[in-house]
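Mind docking chain B on chain A? Use the hints.
For the protein sequence lines, the chains are A and B, in the order given.
Heads up: the first sequence begins at 1 in this note's numbering, then just goes up one per residue.
Heads up: the second sequence begins at 1 in this note's numbering, then just goes up one per residue.
In short, the hints are calculated from the structure, not lab data.
Hints should not be assumed to be uniformly reliable.
Identical copies look the same in the list; a pair holds intra-copy or inter-copy alike.
[Stated by the list, open to error] Derived lysine to any residue pairs resembling SDA-like cross-links, with alpha carbons at most 25 Å apart:
(1) K44 <-> F95
(2) K44 <-> T278
(3) K398 <-> H154
(4) K60 <-> N283
(5) K44 <-> D54
(6) K398 <-> E308
(7) K214 <-> G350
(8) K44 <-> Q294
(9) K44 <-> H57
(10) K60 <-> P50
(11) K44 <-> N277
(12) K44 <-> R297
(13) K44 <-> N276
Protein chains: 2
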Amino acid sequence: MPNHSNLDPSGSLVERFLIEPIATGPLYGLDFTVKDNIDIAGRKTSYGNPTWRDHHHAPKYNALCVDQLLAAGGRCVGKVVADEFTYSLDGESQFFGTPRNAKAPNRIPGGSSSGSVASVANGVSDFSIGTDSGGSIRVPASLCGVWGMRPSLHRISEAGVMPFMPSVSTVGAVASSYEQLNSVIRVLLRSGGGLAVPLQRILVLSDAMEIADKSVRAAAEVALNDISSRTGVDLQTISFAQIAGDGASLSDCNENALRVLQSLEFQNTVGNWIENNTPEISNTFSMAYENVRQFNRYEAMNCLDRCERFFDAIQALMTCGTVICFPTTPVIAPLKNTLNSMEAVMDFYGRTMNITAFSGVGRLPEISAPLLTVEDCPVGLSFAAGHYQDEFLLSAVKKMLGW
Amino acid sequence: MPNHSNLDPSGSLVERFLIEPIATGPLYGLDFTVKDNIDIAGRKTSYGNPTWRDHHHAPKYNALCVDQLLAAGGRCVGKVVADEFTYSLDGESQFFGTPRNAKAPNRIPGGSSSGSVASVANGVSDFSIGTDSGGSIRVPASLCGVWGMRPSLHRISEAGVMPFMPSVSTVGAVASSYEQLNSVIRVLLRSGGGLAVPLQRILVLSDAMEIADKSVRAAAEVALNDISSRTGVDLQTISFAQIAGDGASLSDCNENALRVLQSLEFQNTVGNWIENNTPEISNTFSMAYENVRQFNRYEAMNCLDRCERFFDAIQALMTCGTVICFPTTPVIAPLKNTLNSMEAVMDFYGRTMNITAFSGVGRLPEISAPLLTVEDCPVGLSFAAGHYQDEFLLSAVKKMLGW
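Same shape as in the complex, but just chain A (with noise of 0.2 Å):
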C-alpha cells in the first residue's frame, strides 16, 4: 500500500482524505483517487474550474461508480486533478497544477485524467477512475507507464459523473499493474467471468502505425512479433479503409465524424453552462472552446451518420476473438511548455486523436498496456476488441502477454 505523507511530490492531489471500505471483496487493501469530475459526497466537485466548483453545491451521495469501489473492499485516498472540463489531452491545468510524470519529470503526463494516472505512477494510489472520451485515460496512461482501460461505452454507470459528451464518455480505470486494472474494472464492470473465448485473430491497424513516429512504430513492431511468437497466432494487418471503405482514413474518423459529435455535444453540457454563467476560465481551454463554440450545428449533422456508418463497419469486423493493436499514442509525452505553437499543438492533438478516435467511434474497449520504451521514456501498446467484449479484452491481454 502506498505510503502517504502530508506532502504530495507527485502533484497528482486535489484534496486528501480517507474513506475506508464498506466492506471486503477483491480490491480490499487497495487504495484509489477519484478523478475531480466524479462525485465524491460531502465534498465538491471541481470538473477542473474553480468557477464551476464555486457554484455547484456538494453532493449527498457518492458517484456509483465510487461506492461501488467502497463496496468492493476499495479505500479511497483522495481527489484528483482533472484537465479544465476534461476538455484536453496534455495535463497542464492552470488551475490545479501540472501532475508529475513519474516516470519522464520533465515531461507533461497527459490528460485529461492527469492526476490519476499521476496519483498511481508516484505511488500515491494502487489505482484510479477516470473518465475517457477523446483519450482522456489511454493518452496518459500511455505517457506517464501505467496500464489505463476505456471500457466499451456506457458499460459502467455514469450516475455522478460530471456530464461530458454523452455518445462517447466513458468511466474507466488506470492501474500499476495489469492483475490490478483487471479486478478493478471486473468489479465496476459487475459482471460474472464474461464469455470463455478463445483469442483467434490478432490484427494491427496499419494506418495508426504510420502515424507513429517511426522509434515508436518500431518498439510496437517488436513487441507484437513477440505476442505472435508467444501465442502462436498471425498478426494480419488491416487499414482503415479496408475496414471502412471508400478510401477513408484514421484522420476521417477523427476530425470528420468523432471529434464534430464531441464538439456538437460539449456546446449541449458544458456550453450552455459557460454561456449563461461566464466562468474564469484559462487561456488554453479559452482557444479550445472558442473551436467548439464556432461549430455550426446543422452544417456539421452529417458527421453523425459517418460516427454510425463507421461504427457499423468496425462491428462487423471485431467479431468475438478478434483483438486489434495500435501503439496507444504516436509519440512520446512531449516535454513541458512545449505544446504552445499552434503547429506543435495540432501535431500532438491531431496525430493523437487520429489513433484514439478508433476505439471512440468504434465504441469499444480498450487496454493501454505499458510496454513499450522510447527514450527512456514510456509509450503504451493498445488493444481493442469489439464492443461489449470487455471481459475477452481482459482475458486475451493476460494471454497475449503469457501470464
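Showing chain B alone in chain A's frame:
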C-alpha cells in the same frame, strides 16, 4: 398536418411556438413536439417541476436530437408536459395538468411522456420525442393507443436531455403511424438501412402474458395468432425462468434488479439536486422520492450484478432474427383519480413495471404498437429485439403486420 388553434384541449402543451425546419428531408411536412425534459434553445426546461425550471438558465442550444429532427425537415410546434422529474407512469401532473387521453377521456394518459403521447393522440403534432427509463414512452403509448418506441440503450444522443438514470434512460419517440415512427427513429438512429436480416423466430414472454388482465391477454393472443398465420412463423412461448435460470421471474428483474439500479442512479442525478435545493414538490412525487431516499446504497449494491446477469441471459437469447412479444401494459388505462390508494398504486406500478423491466434490463429496443382494444380502450402490443438490433426490429414489425 394538425390544425393549431390557440386553445389546447389536449392539455399536452407547456408552451406553443414554431421552429421551422432547417432543411427538407424525410420528416418534411411533419410537426413534432418535445417533452419538457429535452432542451429547446432560449426556453427554460422545467423537467416537470417549477423550481427546477426557475433555478436553471434557458439553454443556448437545442438538444442534439431536436436538431437532428429539424435538419431532417421536421417542424417543432411546442414543448409538452412531462411528469415531475419524469419519475412517474401515470401522467397526472400537479403542476402542469393531466393531458387528455384522446381515446378514453375519463382515464389517465400514462406517463411520464404524457404530453408527447397526448399531443400525437389529440392531433396537436404528428410525432413527439420523449424519454423512457421504466416505461415512460411505452406505457402512455399503450394507454393512449399510439405508436411508441424505446430504442436500444444509448443509441440516440442524450446531449441536452436532463440527467435521470444513466444506465437505463433512452430518448425515443411516439407517432400516429408506423410509417412516421419508422422515419423518425431512423433519423435519430442516424443509421443506414441496417442489416437485412429476415425474421426467423417469434417468442412470446409467458410471464408478461400471465401478469396481464385476462381480457388483455386474450386480445394479445388473438393478435399474436394473426401474426403467426400471416408470417408463417410459429409462436414459441418462453418464460423468464427459462431465459435467466435459477427460477428467476420478471418480478426479480424489476424489484430486485432494475428498480434498485434506477433508485441508486436517481439519488445521484435528481436526488443530489433536491437535497441541496429543497424545491416545491408534489405530494405524489414526495412519496415516491421518500422511497428512493431510503435506499441504502451498499445494501443495494448486489442488484447491479443481478442486472448484468439478466442482461447476459437476455443477450444470449435475442440472437439476430428473433423478436419477443408481450402486452406493453397489463391493463387498460386506469380511470382518473383512482390511483389514490396504496393498493391501487402498487397494483398498477408493480404489474406494469414487471413487464417494462424486461427491455430495461436487456437494454433492448421495444416498439409498442396500438393493436389491441379492450373495453373500448386501447392497449399496446410490444415487440422487442436484441440490443442494438433497432433497424431489424423496425423491419420485422412491418413484416409481422403484413405491410
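Each hint tested on the structure:
1. In this assembly of identical chains, K44 and F95 lie within 25 Å of each other by CA distance solely inside one copy; the values are 15 Å within and 32 Å between copies.
2. For a Cα distance limit of 25 Å, the shortest separation of K44 from T278 qualifies both inside one copy, at 19 Å, and across copies, at 18 Å.
3. Taking identical chains as interchangeable, the C-alpha atoms of K398 and H154 lie at most 25 Å apart only when both belong to the same chain, with a minimum of 23 Å there against 30 Å between chains.
4. When the C-alpha separation of K60 and N283 is checked against a cutoff of 25 Å, the pair qualifies only between copies, where the shortest distance is 23 Å, while the shortest distance within a copy is 33 Å.
5. Both within a single protomer and between protomers do K44 and D54 lie at most 25 Å apart by alpha-carbon distance, with minima of 8 Å and 23 Å respectively.
6. In the homo-oligomer, the alpha carbons of K398 and E308 lie at most 25 Å apart only across protomers (23 Å), although the nearest pairing inside one protomer, at 31 Å, exceeds that limit.
7. Only within a single protomer do K214 and G350 lie at most 25 Å apart by alpha-carbon distance; the minimum there is 17 Å, versus 62 Å between protomers.
8. Taking the shortest alpha-carbon separations for K44 and Q294, only the inter-copy value of 23 Å comes in at or below 25 Å, while the best intra-copy value is 31 Å.
9. For the identical chains of this complex, K44 and H57 are neighbours both inside a copy (6 Å) and across copies (21 Å), given an alpha-carbon limit of 25 Å.
10. In this assembly of identical chains, the alpha carbons of K60 and P50 lie at most 25 Å apart whether taken from the same copy (20 Å) or from different copies (22 Å).
11. Within a single copy, K44 and N277 get their C-alpha atoms as close as 18 Å, and across copies as close as 15 Å, so both meet the 25 Å cut-off.
12. When the C-alpha separation of K44 and R297 is checked against a cutoff of 25 Å, the pair qualifies only between copies, where the shortest distance is 20 Å, while the shortest distance within a copy is 32 Å.
13. In this assembly of identical chains, K44 and N276 lie within 25 Å of each other by CA distance both inside one copy and across copies; the values are 20 Å within and 12 Å between.
Against the hints set out earlier in the document, no violation occurs for any number.
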